[in-house]
Amino acid sequence: MKGTYLGEFEELVMLSVGVLHPEGYGVAIKNHIEKLTTRKVTLSTVHAALHRLQNKGFLASEFGEATKERGGKRKKIFTITIAGSKALRASRGWREEMWATIPDIALG
Amino acid sequence: MRNDNQSNPPKWASRFLHWYCKQSLLEEIEGDINEEYYSILKNSGRKNANHYYINQVFRFFRPFAITALKINNMFIHSVLKNYLLVSFRNLKSDLLNTSLSVLGLFLALLCSMVIYRVAQYELTHDQFHEKAELIYRVNYDETKNPNSSRRLATVGPPLGPAIKEFYPEVKDAVRLRYSRPSIVASNDQRFNEDGIFYVDPSFFSIFSFPLTQGSIATALSQANHVVITEEMAIKYFGDNNPMGKILTFNNFYK
Numbered sequence: 001m002k003g004t005y006l007g008e009f010e011e012l013v014m015l016s017v018g019v020l021h022p023e024g025y026g027v028a029i030k031n032h033i034e035k036l037t038t039r040k041v042t043l044s045t046v047h048a049a050l051h052r053l054q055n056k057g058f059l060a061s062e063f064g065e066a067t068k069e070r071g072g073k074r075k076k077i078f079t080i081t082i083a084g085s086k087a088l089r090a091s092r093g094w095r096e097e098m099w100a101t102i103p104d105i106a107l108g
Numbered sequence: 109m110r111n112d113n114q115s116n117p118p119k120w121a122s123r124f125l126h127w128y129c130k131q132s133l134l135e136e137i138e139g140d141i142n143e144e145y146y147s148i149l150k151n152s153g154r155k156n157a158n159h160y161y162i163n164q165v166f167r168f169f170r171p172f173a174i175t176a177l178k179i180n181n182m183f184i185h186s187v188l189k190n191y192l193l194v195s196f197r198n199l200k201s202d203l204l205n206t207s208l209s210v211l212g213l214f215l216a217l218l219c220s221m222v223i224y225r226v227a228q229y230e231l232t233h234d235q236f237h238e239k240a241e242l243i244y245r246v247n248y249d250e251t252k253n254p255n256s257s258r259r260l261a262t263v264g265p266p267l268g269p270a271i272k273e274f275y276p277e278v279k280d281a282v283r284l285r286y287s288r289p290s291i292v293a294s295n296d297q298r299f300n301e302d303g304i305f306y307v308d309p310s311f312f313s314i315f316s317f318p319l320t321q322g323s324i325a326t327a328l329s330q331a332n333h334v335v336i337t338e339e340m341a342i343k344y345f346g347d348n349n350p351m352g353k354i355l356t357f358n359n360f361y362k
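Going down the list, the protein sequences come from chains A and B.
Those letters in the first sequence? Residues 1 to 108, per our numbering, in order.
Those letters in the second sequence? Residues 109 to 362, per our numbering, in order.
Source of the hints: derived by calculation from the structure; they are not laboratory data.
Keep in mind the model is a prediction, meaning the values are calculated, not measured.
Among the hints, a few may not be true.
Here are the simulated PhoX-like cross-link-like pairs (lysine-lysine), alpha carbons at most 25 Å apart as the crow flies [what the hints assert, rightly or not]:
(1) B:Lys119 <-> A:Lys73
(2) B:Lys150 <-> B:Lys119
(3) B:Lys150 <-> A:Lys68
(4) A:Lys68 <-> B:Lys130
(5) A:Lys40 <-> B:Lys200
(6) A:Lys73 <-> B:Lys130
(7) B:Lys189 <-> B:Lys200
(8) B:Lys189 <-> B:Lys178
(9) B:Lys239 <-> B:Lys279
(10) B:Lys343 <-> B:Lys353
(11) B:Lys200 <-> A:Lys56
(12) B:Lys150 <-> A:Lys73
(13) B:Lys130 <-> A:Lys56
(14) B:Lys200 <-> B:Lys130
(15) A:Lys56 <-> B:Lys189
(16) A:Lys56 <-> A:Lys86
(17) B:Lys119 <-> B:Lys155
(18) A:Lys68 <-> B:Lys119
(19) A:Lys56 <-> B:Lys178
(20) A:Lys40 <-> B:Lys150
(21) A:Lys73 <-> B:Lys155
(22) B:Lys178 <-> B:Lys130
(23) B:Lys272 <-> B:Lys239
(24) B:Lys155 <-> A:Lys68
(25) B:Lys130 <-> B:Lys119
(26) B:Lys150 <-> A:Lys35
(27) B:Lys130 <-> B:Lys189
(28) A:Lys40 <-> B:Lys155
Distance windows between CB atoms, simulated [stated by the list, open to error]:
(29) A:Thr42 <-> B:Asn205: 19 to 27 Å
(30) B:Phe172 <-> A:Thr38: 22 to 30 Å
(31) B:Phe196 <-> A:Ser91: 25 to 33 Å
(32) A:Met98 <-> B:Pro118: 45 to 53 Å
(33) B:Gly212 <-> A:Ile82: 49 to 57 Å
(34) B:Cys219 <-> A:Thr42: 34 to 42 Å
(35) B:Tyr128 <-> A:Ala100: 47 to 55 Å
(36) A:Arg39 <-> B:Tyr191: 28 to 36 Å
(37) B:Cys219 <-> A:Ser91: 52 to 60 Å
(38) A:Glu62 <-> B:Gly212: 44 to 52 Å
Note that beta-carbon positions come from the ideal geometry of N, C-alpha and C, so glycine has one too.
Build out the structure end to end from the sequences listed, making use of the hints.
Next up, the structure:
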């Protein structure tokens with residue numbers, strides 16, 4: 001995937017990581033997006049997106065604490081990298097520019 | 109149902125996950141699934157939780173999470189990866205079409221395999237006879253007769269010796285006459301037997317059926333001789349030597 005275009009879902013996942021900072025991990029992100037968009041989200045898609053973003057260099061990860069609920073497994077906490085935040089800001093910039101100049105008529 | 113306060117996810121699903129999942133991702137994935145599992149367990153009970161767990165284990169069976177298999181040949185590896193990618197995309201974008209195509213391919217393959225096997229079976233039937241290439245069967249065909257369109261698998265008994273006499277190319281001939289199922293009896297056992305044939309003594313010179321006991325020269329030298337399979341010998345005479353014993357056949361000595 002060339003360029004800095006973020007997919008719609010990837011952007012949601014990245015923003016959730018930011019909102020939940022410093023507790024952004026799989027299950028929490030999934031619940032957050034589900035609550036926000038009132039759409040069902042599967043854990044595997046969230047994980048796939050997290051890893052895609054990590055491969056692109058937009059997210060960094062490190063291991064957090066293990067809990068009994070997780071059967072003793074640690075959770076992976078994600079954080080936004082500098083490159084990631086740049087990409088987010090760029091995307092936001094384009095959208096805000098377009099929102100600012102879109103005439104009301106076009107929105108029906 | 110279990111009496112434990114805390115039940116555990118289905119073991120087999122967990123084993124499957126451990127098998128396919130990349131080691132580097134296993135801990136976080138398993139941890140996340142467990143976390144949701146236990147919360148569903150608390151809220152909706154064991155059955156729902158188990159269903160959820162199994163569902164998730166299969167949902168995670170995606171390229172990013174699967175252990176990388178070692179293929180040393182870079183070329184083959186990339187080509188395979190590309191083919192897989194293209195086929196998955198086709199499947200995703202057009203499930204019906206792709207599955208129909210796959211089904212069609214499968215059926216085509218199945219049909220060709222069946223046809224091959226049937227042809228093979230027909231062509232290699234009874235090839236164990238040494239002289240198989242030289243053995244011919246004489247049938248009866250009346251279709252050249254304008255009044256009849258009969259074809260028979262049998263011919264009259266005189267043909268056997270007659271064809272040998274008239275055609276020097278015919279080295280030997282044997283006739284087989286099917287006998288209807290009959291009661292065969294020894295001193296101790298009686299059974300209804302099918303597969304009884306009257307044959308000419310030249311039977312063993314033409315067909316390759318090895319004799320466990322006795323010799324080809326004497327096996328059918330007289331009209332009341334009979335040759336039976338080893339199975340039959342055990343069935344009628346047990347452990348005793350069947351040679352020289354008598355089997356009656358429809359109560360006639362034959």
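Structure-based check of all given hints:
1. B:Lys119 <-> A:Lys73: Within the cut-off at roughly 16 Å; holds.
2. B:Lys150 <-> B:Lys119: Cα-Cα ~19 Å, so holds.
3. B:Lys150 <-> A:Lys68: 14 Å, holds
4. A:Lys68 <-> B:Lys130: Status holds; Cα separation ~23 Å.
5. A:Lys40 <-> B:Lys200: 19 Å, holds
6. A:Lys73 <-> B:Lys130: 15 Å, holds
7. B:Lys189 <-> B:Lys200: Holds, at roughly 16 Å.
8. B:Lys189 <-> B:Lys178: 13 Å, holds
9. B:Lys239 <-> B:Lys279: 12 Å, holds
10. B:Lys343 <-> B:Lys353: With Cα atoms ~13 Å apart, Lys343 of chain B and Lys353 of chain B stay inside 25 Å; holds.
11. B:Lys200 <-> A:Lys56: 24 Å, holds
12. B:Lys150 <-> A:Lys73: Cα-Cα ~19 Å, so holds.
13. B:Lys130 <-> A:Lys56: 19 Å, holds
14. B:Lys200 <-> B:Lys130: Between Lys200 of chain B and Lys130 of chain B the Cα gap is close to 24 Å, so the pair holds against 25 Å.
15. A:Lys56 <-> B:Lys189: 20 Å, holds
16. A:Lys56 <-> A:Lys86: 13 Å, holds
17. B:Lys119 <-> B:Lys155: 14 Å, holds
18. A:Lys68 <-> B:Lys119: Holds - the C-alpha atoms of Lys119 of chain B and Lys68 of chain A are around 18 Å apart, at most 25 Å.
19. A:Lys56 <-> B:Lys178: 24 Å, holds
20. A:Lys40 <-> B:Lys150: Measuring from Cα to Cα gives roughly 20 Å; hence the hint holds.
21. A:Lys73 <-> B:Lys155: Answer holds: Lys73 of chain A to Lys155 of chain B is near 23 Å, not above 25 Å.
22. B:Lys178 <-> B:Lys130: With Cα atoms ~13 Å apart, Lys178 of chain B and Lys130 of chain B stay inside 25 Å; holds.
23. B:Lys272 <-> B:Lys239: Given that 25 Å is the threshold and the Cα spacing comes to 17 Å, the pair holds.
24. B:Lys155 <-> A:Lys68: At roughly 21 Å apart (the allowed maximum being 25 Å), Lys68 of chain A and Lys155 of chain B satisfy the hint.
25. B:Lys130 <-> B:Lys119: 18 Å, holds
26. B:Lys150 <-> A:Lys35: At roughly 20 Å apart (the allowed maximum being 25 Å), Lys35 of chain A and Lys150 of chain B satisfy the hint.
27. B:Lys130 <-> B:Lys189: 17 Å, holds
28. A:Lys40 <-> B:Lys155: 21 Å, holds
29. A:Thr42 <-> B:Asn205: 19 to 27 Å: 25 Å, holds
30. B:Phe172 <-> A:Thr38: 22 to 30 Å: Hint holds: Cβ distance 27 Å, inside 22 to 30 Å.
31. B:Phe196 <-> A:Ser91: 25 to 33 Å: 28 Å, holds
32. A:Met98 <-> B:Pro118: 45 to 53 Å: At 49 Å between Cβs, range holds.
33. B:Gly212 <-> A:Ile82: 49 to 57 Å: 52 Å, holds
34. B:Cys219 <-> A:Thr42: 34 to 42 Å: Roughly 39 Å apart at Cβ, these two residues keep to the hinted range, so it holds.
35. B:Tyr128 <-> A:Ala100: 47 to 55 Å: Given range 47 to 55 Å: holds, Cβ gap about 48 Å.
36. A:Arg39 <-> B:Tyr191: 28 to 36 Å: 33 Å, holds
37. B:Cys219 <-> A:Ser91: 52 to 60 Å: Holds, at about 54 Å.
38. A:Glu62 <-> B:Gly212: 44 to 52 Å: Check passed, 50 Å falls within 44 to 52 Å.
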